[in-house]
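Peer 1: Okay, here's what each chain looks like letter by letter:
Number of protein chains: 2
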Amino acid sequence: MPRGKPETVPEDGLTTRQRRHRPLLMVHTGTGKGKSTAAFGTALRAWNQGWPIGVFQFVKSAKWRVGEERALRVLGDSGEGGSVTWHKMGEGWSWIQRAPESSEEAAREGWEQVKRDLAAETHRLYVLDEFAYPLHWGWIDTGEVVSVLRDRPGTQHVVITGRNAPRELLDAADLVTEMTKVKHPMDAGRKGQRGIEW
Amino acid sequence: MPRGKPETVPEDGLTTRQRRHRPLLMVHTGTGKGKSTAAFGTALRAWNQGWPIGVFQFVKSAKWRVGEERALRVLGDSGEGGSVTWHKMGEGWSWIQRAPESSEEAAREGWEQVKRDLAAETHRLYVLDEFAYPLHWGWIDTGEVVSVLRDRPGTQHVVITGRNAPRELLDAADLVTEMTKVKHPMDAGRKGQRGIEW
Numbered sequence: 001m002p003r004g005k006p007e008t009v010p011e012d013g014l015t016t017r018q019r020r021h022r023p024l025l026m027v028h029t030g031t032g033k034g035k036s037t038a039a040f041g042t043a044l045r046a047w048n049q050g051w052p053i054g055v056f057q058f059v060k061s062a063k064w065r066v067g068e069e070r071a072l073r074v075l076g077d078s079g080e081g082g083s084v085t086w087h088k089m090g091e092g093w094s095w096i097q098r099a100p101e102s103s104e105e106a107a108r109e110g111w112e113q114v115k116r117d118l119a120a121e122t123h124r125l126y127v128l129d130e131f132a133y134p135l136h137w138g139w140i141d142t143g144e145v146v147s148v149l150r151d152r153p154g155t156q157h158v159v160i161t162g163r164n165a166p167r168e169l170l171d172a173a174d175l176v177t178e179m180t181k182v183k184h185p186m187d188a189g190r191k192g193q194r195g196i197e198w
Numbered sequence: 001m002p003r004g005k006p007e008t009v010p011e012d013g014l015t016t017r018q019r020r021h022r023p024l025l026m027v028h029t030g031t032g033k034g035k036s037t038a039a040f041g042t043a044l045r046a047w048n049q050g051w052p053i054g055v056f057q058f059v060k061s062a063k064w065r066v067g068e069e070r071a072l073r074v075l076g077d078s079g080e081g082g083s084v085t086w087h088k089m090g091e092g093w094s095w096i097q098r099a100p101e102s103s104e105e106a107a108r109e110g111w112e113q114v115k116r117d118l119a120a121e122t123h124r125l126y127v128l129d130e131f132a133y134p135l136h137w138g139w140i141d142t143g144e145v146v147s148v149l150r151d152r153p154g155t156q157h158v159v160i161t162g163r164n165a166p167r168e169l170l171d172a173a174d175l176v177t178e179m180t181k182v183k184h185p186m187d188a189g190r191k192g193q194r195g196i197e198w
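These protein sequences, in sequence, are chains A and V. Counting from 1, position 89 in the first sequence corresponds to residue 89 in the UniProt record's numbering; the numbering is continuous, with no gaps. Counting from 1, position 128 in the second sequence corresponds to residue 128 in the UniProt record's numbering; the numbering is continuous, with no gaps.
FYI, nobody ran anything at the bench for these hints, they're computed from the structure. Treat the hints with care, since some could be wrong.
Same chains, same label: a pair holds when it works inside one copy or across any pair of copies.
Result set (SDA-like, lysine to any residue): computed pairs, CA atoms no more than 25 Å apart in a straight line [unchecked claim]: (1) 115 - 151; (2) 183 - 141; (3) 115 - 168; (4) 181 - 133.
All chains should be modelled from the sequences, with the hints used to inform the complete structure.
Peer 2: Pasting the structure below:
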C-alpha cells in the first residue's frame, strides 16, 4: 500500500482534492503537558502557509503563554507568512471597553467574538486556548459551540485545548489527541522553570 | 496550599532556586499527534528567554517540519530572542561532506554531533526530533544516550520526540508525556492537509 493512503475511503462523494481542503476541528485534551504547546506548534505551520491566525486565550492569568505570544507576534509582523491576531481574556478582551463582571461573562464574550470572526471568515486557523474549561464548567453551551463549528463557512481550521473537553465536543471533532502525563518533574518536587513552563 | 507548590519536597539538598534551574530531559512519545509540534512549541518559550536552541531532525525526509523550520529560522534571525541552529539528517547533516552510507550511519553521526554540542554547552535547549526511532531500532545505544545526558554539563534542556521511546530513556527522563490518538481524520479517509500536517 502506498504511504499516506488512508485505510478506508469514505463514500462522501468528495474528491481527494476536496478532502485535502476540509476544515478541521482539532481538540487537545488530557491531563498531560503539551496541549497548548502543540496547538502553537500547529500555528507555526499555518503561519508558514500564509494563513491569518486568530488566537483566543481563555485563561484568567494574562502572564500565561508569554513566550508563544511574543514569538507569534514577531512572526506575524515579520513580513513573511501569515498574520497573527492575539486576543487575551486575562487582560480583558481588547474589543471590550468595560471590565466583564466575572470570568464566566468574560469567557462568553470571547466566544461571541469567535462566532463573529467565524461568520466573517476572519482567520484560517483559530487557536481557542483553554476553551475546554468554560465548556466543561457549563459557562458556554457545548451544543451551541458544536453547532456553530459544524456550520462554519469556508475552510476555517479550529484547535481547542484544555482538560476535560466535553464528550459532545470530542464526538464532533475530526482529530482528538489526549496528552497523558506519564511523569512530571513537579511530582519529584521540582519547581516550574522559566523557558519551560512559561 | 499555595498554587504551584509541589506536593512533595525532595530531600536532595537543593534550594528552591536550584530546583528552578535544573536541566530537564523531556520525552514526548506515544502514537498520537503533537509530539513534535509540542516540542517546537516549547522552543518558542526558550526563544523568548533568549536561549540558543539547537534542533536535530532525525528524520529521513527533508520535507518534514518545513513550517516549523521556517518559523524558527525567522525567529532566530529576528534580532530578538535566542538563536536557532537547525540540523537536518534528511539532507545530510551540514557538517558532513560525504553522504552517509545508510540512515543508521546518518543517525549515529547526528548523535555524535549532539554529544559534541552538549560537551561544549553550545545550546540551552536541544530538540532531538524523532530521536526515539534510532534508539528503538537499536541504531544508537540507549544506555550510552542516558549516560551522556545524565552527565551533561551546565543547564542544558533536552526534548526527545518519537514513538516507542525505550523504557530506559523514559526512566531517565524528568518529564514524559504520552500523546494518545483518540481520533484522527485519516481514520475517516481524510487526506493529510497542507498547513496542518506539514
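Peer 1: Compare the structure with each hint and give your call.
Peer 2: Results for each hint:
1. Proximity of residue 115 and residue 151 under a CA criterion of 25 Å is satisfied intra-copy only: 11 Å inside one chain copy versus 52 Å between copies.
2. Taking the shortest Cα distances, residue 183 and residue 141 sit within 25 Å of each other only across copies (23 Å), while inside one copy they are farther apart (33 Å).
3. With identical chains, the CA atoms of residue 115 and residue 168 are at most 25 Å apart within one copy only, with a shortest distance of 19 Å there and 47 Å across copies.
4. Taking CA atoms no more than 25 Å apart as the test, residue 181 paired with residue 133 passes in both settings, with 18 Å inside one copy and 21 Å between copies.
Violated hints: none; the structure is consistent with every hint.
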